[in-house]
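S.K.: Using the hints, put the two standalone chains together into the complex.
Protein chains in written order, with the working numbering: chain H, 1 to 114; chain E, 115 to 232.
It is possible that some hints are incorrect.
As the list claims (entries may be wrong) - Each computed BS3-like pair below joins lysine-lysine, with the alpha-carbon atoms no more than 25 angstroms apart: (1) Lys37/H x Lys220/E; (2) Lys71/H x Lys158/E; (3) Lys220/E x Lys5/H; (4) Lys5/H x Lys158/E; (5) Lys220/E x Lys56/H; (6) Lys68/H x Lys158/E; (7) Lys220/E x Lys71/H; (8) Lys220/E x Lys54/H; (9) Lys37/H x Lys158/E.
Since the hints were derived computationally from the structure, they do not count as laboratory data.
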Amino acid sequence: DQQVKQNSPSLSVQEGRISILNCDYTNSMFDYFLWYKKYPAEGPTFLISISSIKDKNEDGRFTVFLNKSAKHLSLHIVPSQPGDSAVYFCAASASETSGSRLTFGEGTQLTVNP
Amino acid sequence: EAGVAQSPRYKIIEKRQSVAFWCNPISGHATLYWYQQILGQGPKLLIQFQNNGVVDDSQLPKDRFSAERLKGVDSTLKIQPAKLEDSAVYLCASSLGVWGPGGNEKLFFGSGTQLSVL
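Pulled out of the complex, with its shape left as it was, chain E reads as follows (with noise of 0.2 angstroms):
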């Protein structure tokens, strides 16, 4: 079974400038979540899609950030513009479905795209 696909790998920028994030779900899954991973720190959500429609996208930054998902399927993340603490790993999940109480849904992760905002 394919992964999560993200793309690309690595991106060095400079600050305000802008840049895009790709992803591609494991085929099936109805929710994806964009997080954010800055170095030391745990992984934090920006934004959570069940099927093409947003579900919880209140830690997204929503004045240099955006997002969207195509069909239900494929998302890009946006950054415009970029500023130097917008320097993460910036990490796709997917998953089934959205949990409920005593549920057990695992979320599987994409490598990441390494951002670096100079």
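Chain H with its partners taken away, still in its complex shape (with noise of 0.2 angstroms):
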């Protein structure tokens, strides 16, 4: 049962254009999201969180868009740039349930060309 969906495994824009990841969840006890972004032979790095009670948290270039009724949640980034380029993976937790265990996303391929 894949509770958080990435449906587009990859997803490529110029550079200076927005970027928009999407992510989609079923379990509506998930209450608190988060992206990562990973390279390649890294391990994945924290971008930004939004919790249940907000629908939008910006932070810089990154802004997150929580649709509770939709059970969707997007990251868009603005301007895209080249090193933007990664694997982006959604998460979500349902603190009341499972503590902070994280259900990830399969992730999207983010390329940015210059």
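M.R.: Right under this line is the structure:
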């Protein structure tokens, strides 16, 4: 049972344009969501997070939007830069039922072309 | 600040052999996690320690996998005997403490150990 799904395995955008990465979840108990970025041969690194009490969180070029009714979140990167090329993982946790256990999506490979 | 250290970086073994991975978390981080990432999938939690106690091992295949955290610092993950389907990257992560509702704990991951079982 895949509770967190990233339906796009890959995404390619031009430098300077917006990158939009999508994530859907099925578990209504999830109340905290995160995005991690992973470069080859490195571990994932934390990028941005959002609590279920919010619908938007912004950090510089990165904004995460949460639509609880649709069980959908998205990561916007504006403007995209070649250094943003990496695999992006969406993750979620249900603090009341599973503590801090993160459930990850399959990842989306973002390629930003110069 | 030093990050999460893992070794070895790569390991190739034959099925039915045993293997062990080592992790040294960020100094002062109470919580330590082992994740398994199979190619094309997201990381999956195997076990979570709070100091030297196990918080969550519900997804650990206990018939072949074991883990311990010595004195609440370093940790080892062992597979015995290994199967072909254990081929994956094993990621260790640490964080300051256990989350609560609305918490903002961030996990810091090591570079992982890539295991190939032939």
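S.K.: Determine for every hint whether it applies to the structure shown.
M.R.: Hint-by-hint comparison with the structure:
For the hint pairing Lys37/H with Lys220/E, the CA-to-CA distance comes to about 13 angstroms; that is within 25 angstroms, so the pair holds. Between Lys71/H and Lys158/E the alpha-carbon distance is near 21 angstroms, which keeps this suggested pair within the 25 angstroms criterion. Pair hint Lys220/E plus Lys5/H holds up; C-alpha atoms about 21 angstroms apart against a cutoff of 25 angstroms. At most 25 angstroms may separate the alpha-carbon atoms for a hinted pair to count; Lys5/H and Lys158/E meet this at roughly 13 angstroms.
For the suggested pair Lys220/E and Lys56/H, the alpha carbons sit about 18 angstroms apart, so the restraint of at most 25 angstroms is met. Proximity of Lys68/H to Lys158/E is assessed by CA-CA distance (about 24 angstroms); at most 25 angstroms being required, the pair is judged to hold. Taking the CA atoms of Lys220/E and Lys71/H, the gap is about 22 angstroms. The hint holds against a cut of 25 angstroms. Using a Cα cut-off of 25 angstroms, the hinted pair Lys220/E and Lys54/H holds, with the two alpha carbons roughly 18 angstroms apart.
This hinted pair checks out: Lys37/H and Lys158/E have alpha carbons roughly 16 angstroms apart, not beyond 25 angstroms.
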